[in-house]
Structures are given as structure tokens and as C-alpha cells.
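Asks: Protein sequences, first through last, are from chains A and B. The first sequence begins at 2 in the working numbering and counts up one residue at a time. The second sequence begins at 7 in the working numbering and counts up one residue at a time.
Just so you know, these hints were derived from the structure itself, not from any lab. Where is the CB? At the ideal position from N, CA and C, for every residue including glycine. Hints are not guaranteed to be accurate.
So, partial list: chain A residues that the calculated Cβ filter (under 10 Å) puts toward chain B [unchecked claim]:
id, residue
1, Gly-80
2, Lys-137
3, Arg-217
4, Arg-218
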Amino acid sequence: MNLTLHIALKDIYKLRWALLLWVVAIAGELALATIEATLDIEGHLPFYMAAWTLGNMFIPLIGYGLVMGLQDDDPVTEGDAFWMTRPITGGRLLSAKTLVLCLLCFVPVLVCVPFWISHDFGLALLGRSSAEVLWKQILISLLAVPLAVVSSSGSRFVTNTLIGAVTLLGLALLYRLLGGSGPSETAAYVLVHRGWLILAVWLVASAAMALNQYYRRRTRLSATILVAAVIACFAISKGWYMRGTFQTVSATPRTSPTELTEVTLRGGTNVAQNGRTLRVLSVIPDFSGMIVVEVSESEPDANSVFPWSLAEAAVASSHQEHYLLVSQDDGRSMTANAARNPEVLHAGGLRYFRTTLTFNPSKDLPGQVPTNMTPWLEGAILVKVEGRAAGLFRLKSQPPIPASRT
Amino acid sequence: MNVIETNNLSRRYGRADALHGLNLSVPAGSIFAFIGPNGAGKTTTIKVLMNLLEPSGGEARVLGVDSRRLGPREREKIGYVSENQKLPDWMTVRQLLDYCRPFYPTWDRGLEAKLLKQFELPPDRKVRQLSRGMMMKAALLTSLPYRPKLLVLDEPFSGLDPLVRDEFVRGMLEVSQQSEWTIFISSHDINEVEQLADRVGLIDGGRMQFAEPIEDLMGRFRRIEVILGNAEPELLSPPEGWLELERMGSQVRFVDSRFSPDAFESYRSERFRDSEAIVSPMKLREIFVTLAKSKREPSPSGAS
Numbered sequence: 002m003n004l005t006l007h008i009a010l011k012d013i014y015k016l017r018w019a020l021l022l023w024v025v026a027i028a029g030e031l032a033l034a035t036i037e038a039t040l041d042i043e044g045h046l047p048f049y050m051a052a053w054t055l056g057n058m059f060i061p062l063i064g065y066g067l068v069m070g071l072q073d074d075d076p077v078t079e080g081d082a083f084w085m086t087r088p089i090t091g092g093r094l095l096s097a098k099t100l101v102l103c104l105l106c107f108v109p110v111l112v113c114v115p116f117w118i119s120h121d122f123g124l125a126l127l128g129r130s131s132a133e134v135l136w137k138q139i140l141i142s143l144l145a146v147p148l149a150v151v152s153s154s155g156s157r158f159v160t161n162t163l164i165g166a167v168t169l170l171g172l173a174l175l176y177r178l179l180g181g182s183g184p185s186e187t188a189a190y191v192l193v194h195r196g197w198l199i200l201a202v203w204l205v206a207s208a209a210m211a212l213n214q215y216y217r218r219r220t221r222l223s224a225t226i227l228v229a230a231v232i233a234c235f236a237i238s239k240g241w242y243m244r245g246t247f248q249t250v251s252a253t254p255r256t257s258p259t260e261l262t263e264v265t266l267r268g269g270t271n272v273a274q275n276g277r278t279l280r281v282l283s284v285i286p287d288f289s290g291m292i293v294v295e296v297s298e299s300e301p302d303a304n305s306v307f308p309w310s311l312a313e314a315a316v317a318s319s320h321q322e323h324y325l326l327v328s329q330d331d332g333r334s335m336t337a338n339a340a341r342n343p344e345v346l347h348a349g350g351l352r353y354f355r356t357t358l359t360f361n362p363s364k365d366l367p368g369q370v371p372t373n374m375t376p377w378l379e380g381a382i383l384v385k386v387e388g389r390a391a392g393l394f395r396l397k398s399q400p401p402i403p404a405s406r407t
Numbered sequence: 007m008n009v010i011e012t013n014n015l016s017r018r019y020g021r022a023d024a025l026h027g028l029n030l031s032v033p034a035g036s037i038f039a040f041i042g043p044n045g046a047g048k049t050t051t052i053k054v055l056m057n058l059l060e061p062s063g064g065e066a067r068v069l070g071v072d073s074r075r076l077g078p079r080e081r082e083k084i085g086y087v088s089e090n091q092k093l094p095d096w097m098t099v100r101q102l103l104d105y106c107r108p109f110y111p112t113w114d115r116g117l118e119a120k121l122l123k124q125f126e127l128p129p130d131r132k133v134r135q136l137s138r139g140m141m142m143k144a145a146l147l148t149s150l151p152y153r154p155k156l157l158v159l160d161e162p163f164s165g166l167d168p169l170v171r172d173e174f175v176r177g178m179l180e181v182s183q184q185s186e187w188t189i190f191i192s193s194h195d196i197n198e199v200e201q202l203a204d205r206v207g208l209i210d211g212g213r214m215q216f217a218e219p220i221e222d223l224m225g226r227f228r229r230i231e232v233i234l235g236n237a238e239p240e241l242l243s244p245p246e247g248w249l250e251l252e253r254m255g256s257q258v259r260f261v262d263s264r265f266s267p268d269a270f271e272s273y274r275s276e277r278f279r280d281s282e283a284i285v286s287p288m289k290l291r292e293i294f295v296t297l298a299k300s301k302r303e304p305s306p307s308g309a310s
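Looking at chain A on its own, in the form it has when it is part of the complex:
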């Protein structure tokens, strides 16, 4: 048998109980969410909370811990680990670990696919949903790998994780202190590119650390790379932004708009209506039953037929005077929690508001299948002013899955 595969099988066997627990947790979350969707608004909360806890805490935590479990048996820090005294090269061990890590990333997808198929997901939706779940585990693994390769044991990994968490909290605090309390002024595309750049830096640092540890075991060098990567990521997030000096035009409420413009729910979609543009930055459905839609919207000018921006509505929503909702074609509607302090963006000579809208269809539309909510997010984003609904844009998505399947 191929020796790389032999090592990989050993690791899978070692992790078998943790893997089983993980699979059960993922399946449990799907089951809980399904039950939740069949209940009315009063009864669904315990199931929603249980599904949320599983999906957002327990499952990612196991996914994170599995990476250490994978590394723990064959530590690559200096010392006399068992593998180092056997005919096993660092390259072979790295190949085996990479193979298992890739398999780990696919486990949540493999668990979900039968569920998705049973709910009539088409190929495109299957692909997109798989990519979302896969992406989530890849990000978790990317967080865990650098700490795992410099940890000589599981307890050391936990300690390193705590140190990392405290460091991140400290950096977040520093970020706030340096940035002041006002909204940052960063163009939307800069935010997106910045995120990719930070991810790329982290990826390169992780790869460099793994190669260094598996081939040379210079733990101090790896720790230096890690610290440098954290500093670089912080510097990128803090230092790369754009400032603009665009004049704000005061807006006066007018009458409601008479037409809606369709917005395809896909990251990067741009639409214009009555001199205002809206860009969908990202649509992030997750398994907890929530959908996060991040949009940027140009500031309404003085001649706009409807001057209220999503951002203004978000800020004012606590006063119940106007708020955001998504209206389904069949008359049902979903409320949205919007970011209270929308960021002001500048791009292409225009001033934008970046707003994060969080929808919870399983709460507002009980009885629907509560996984991969994108198909349900269809209707108009409305700003309601003193009881009068005023449409801004119409969201266009894939047709919803027939309710009869639930």
C-alpha cells in the first residue's frame, strides 16, 4: 500500500469518533432546522436556538479541533516525535496530512448533499451550496493550521488558540482606538479586495509555516512568520482604504416611487433606478436560517422620488417609523435587521452607504425549508414610512423550492 495513504488511513482511524460526532452534529443541525421550519412562530425558538448553537459554535469548534487532532499524533515541532525516527520524510507526512485535511473539508458537504437532494436542489444550487459549506470549513482550517504546526501537543494548541484569541481581541480594540468612533470611509471594492488580500497573506503564511515545520522544524521561524502575518493583515485592514471629499446633498422626503427595478441576488450585481444605484456586495446564506445581504447604495440626490436610503432606514429602524422588509410576491414579508451604523463608502465619484441586511426567513416565513435560504429571498426591499410601504428595488432570485416538499 502507498505509504502516504497508509499514514492518512491511520489518521482517519484515529479521528473516527470525533468525525462521527461531527457528522452527527451536522445532521442534527439539519434535522433541528427542518423541525423548526414546520413549527409556528411561538414554537420554533428552542429549535432555532439549538440549530444556531450547533451550526455556529459546536460544528465549527469540532472542525477546528479536528485539525489539531490530525496534527497531534505527529508533531512537527522540534523533539523526538515517533515519525521522525521512522522512515517517514517530512514531505510524505505533509502529503498525508494535506490529504486528510482536504477530506475533512468535504465532510460537511457530504453530510448535507443527501439532504439537499431530497429537497429537490438542482445542480447549480447544489454546487453553490456545497461551495458555501466547503468555504466555511476551509476558512476554519486555515485558522487552525498555523497554530497546529507550531504546537507540540493538544494542550499547547489550546493555549496557542487562547493566545491567538486574546491577540485578535487586542487588535480589534486597537483597530477601534486607531479608527475613532465615526464611520470609516472605504470604497466597497476596496473592502472586497482587502479581504482577499488578507486571505492571501494568511494562506501564504500558513503554507510557509507548514513547509518550514514539516521539512526543517524551525519553530521560532514559523512563530515569526505567524506574527508577521498577523501584523501584515492588521496593517492591510487598517492602512488600505480610500478617503473622499464628496459633498453630501440634503434630501427631502417626497412621494413613493412608482416602479421597482430588479436586482439579481449575486455578489457584484449593479442596478440603477431614478438616478440611484445599488450594488449587491455579497449574499451569505448559512445553516442557522439567516441570510446576510450586504449592499451598497448610492446616496439619494435632491431630485430622487424616494429619498430614504436603506442606511437611513436602518439607523432609524429603532423608532419604528420606517424599516426594511422584503416583500414576497405572494404577500408574505420578512423583516430585516440592518446594521445600525452603516459605513459610508466612496467609489466612482459617488458617495455610497454600505448596509448589511440580515433576514431570518425561518422566523418570518414558518413552514419553509430552512436551509440555503437564497431561493426565498425574493421580493422588494422596502422602506416603510409611517405605515406606507415604499419600494426601492426588487430582489430577483431563483424560484423557491415547492413548499409541498417540506
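Use these hints to put chain B onto chain A, whose structure you have.
Replies: Below, chain B without anything else, positioned relative to chain A:
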């Protein structure tokens, strides 16, 4: 041919030198006892030899290959057992053997079964549930069935009771009868390896003090007691090699580390006239204690 050879090997931890220009040769087919007190540099030397640590200077060659370039081909011929080694303790003994087997083309399943029985290891018990002695035997069990050309043992007997130690040694002798190999065994206690080794080396303070066949060492060390006659002896400039020289009334005692009957007789008749001498062979342990003391005490020429 030397299976292990070091040339001015040094290793530094921060500012502290663990090895200072260590020169060591271990001939093929020998059982080499690498002796030294705790902290002398034994484990560091072994870790450098096994490429678990990089040397700060000098060179170490194992099976003719620079230790820094030890690859799977060489490791297939090396067995390593250390008191500090962490085995995959979640495995059972059988799973551990199943895991190790494919890495060694020369693995002999018959020998594996024989040793498993001889060591009386429970195959279905997890390694973490084994006693210390059993764990060391399990480690040895994974290092013998492929008949390594070189077996490196780092303090293998530390903390083992005599019975387990005996089983351990018998396991090694089992392989020894079937193939020619070299054993490099470190210990801080000469008693542990005295009956096993045919060569011995002493390391202290990161420096090699000597390395030679045990037979030669035993032959050149003698404890000598001289009962003086009427003539006053001349002790201010004793010959080189006299250690622990002391005078107690009409007796002079010392250890001659370069003993030769003719040379001693000539010296006695010249410096200790009308005296009688009792010459006794020394045990290996006594020799090492004497040597260790001589490194820490001033020259014996100062003895009265």
C-alpha cells in the same frame, strides 16, 4: 568500518554548549556503551546522530551518511528507542505493529511474533495503558523485527526493574544471534550496560573523555596499595596516570590508569624501596567513579 563517526561535533542551546568538539567512533558489530552523568550530553549526541537536532558545528556520520541527510533508506536500517520517545499511545500494541510494518521492507513477521510472545506484551492493550517497562518493550518491539543494522538506545533501562531489564536484553540478544548489528546504548549507570557492551565511551561536560574496548580499559586500571618500608617515598611528582593518590601513615594508595606490571615494578623498586604492593583489578563501575572524581579534583600530584 565505523557505523557512527563524529568529527568535532558541537551543539549549542542558546549560549550554553551541550557538546564541545566531540569525536567518537563506533565500529560496526560492536555494542557501544555511551556512559556519562546526567547532563553530560548523551541525549544531545544521540539526537544529533538521529537528525532530531542539527549540530551547531562539526559533523556526524551514521551508516556512512551525514546525519543531516538521513533519509528513509538509512532509517529503514536504524532502530531507535528512547526513554523520552512519545509513542502513538491511542493505538493498541497490535495496531502499533501494523502501523510500523509497511515502512520496513525487511520486516520479519515471524520474529515479530516471537518477540511479542517473549516480551509478554498484551497485543490488544492500548499503549497508554502499558506500564513504563511494557512501554519500553513495545518501543523495542517496533525497532527489532526489521533487523536494523544499527540500534540506538537512549537510557533504555532508566526506571526499569531488573526483571524487565533482563527481558529487554534478552530481546536484543535474540536479534543479535540472527544478524550482525551495532548497538549504541547510552546510560548514566555503567552497571546497566556492563554485561552487554564490548566497548565503552565516557562523555562528561559535552566532551568525550575516552572510548575503548572494555577489555582494554579493565586491563589498564589497577587499584594499588603500597605498604612502605623504612625509606621515605618520593611522591611530589608521581607518574602520569596515577589517580586518587593518598598517603595514610605507612600506606600509599592510588589508582594506576596506565598499569603495566613491568613499569610499576621498576617504579616501586626505585621510589618505594623496601615496600610491599597489593595490586587489585577494578570493576568497571569503580573505574568510572575514579575517572569522574579525577575530572573534578585537582591533580593528584598535590597529594601528601
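Asks: Hint by hint, note whether the structure agrees.
Replies: Quick rundown of the hints versus the structure:
1. Gly-80: The hint holds - Gly-80(A) has a Cβ within 10 Å of chain B, the shortest such distance being about 7 Å.
2. Lys-137: For Lys-137(A), the interface hint is violated, since the closest Cβ of chain B sits about 29 Å away, which is over 10 Å.
3. Arg-217: Holds, about 9 Å.
4. Arg-218: holds, 9 Å
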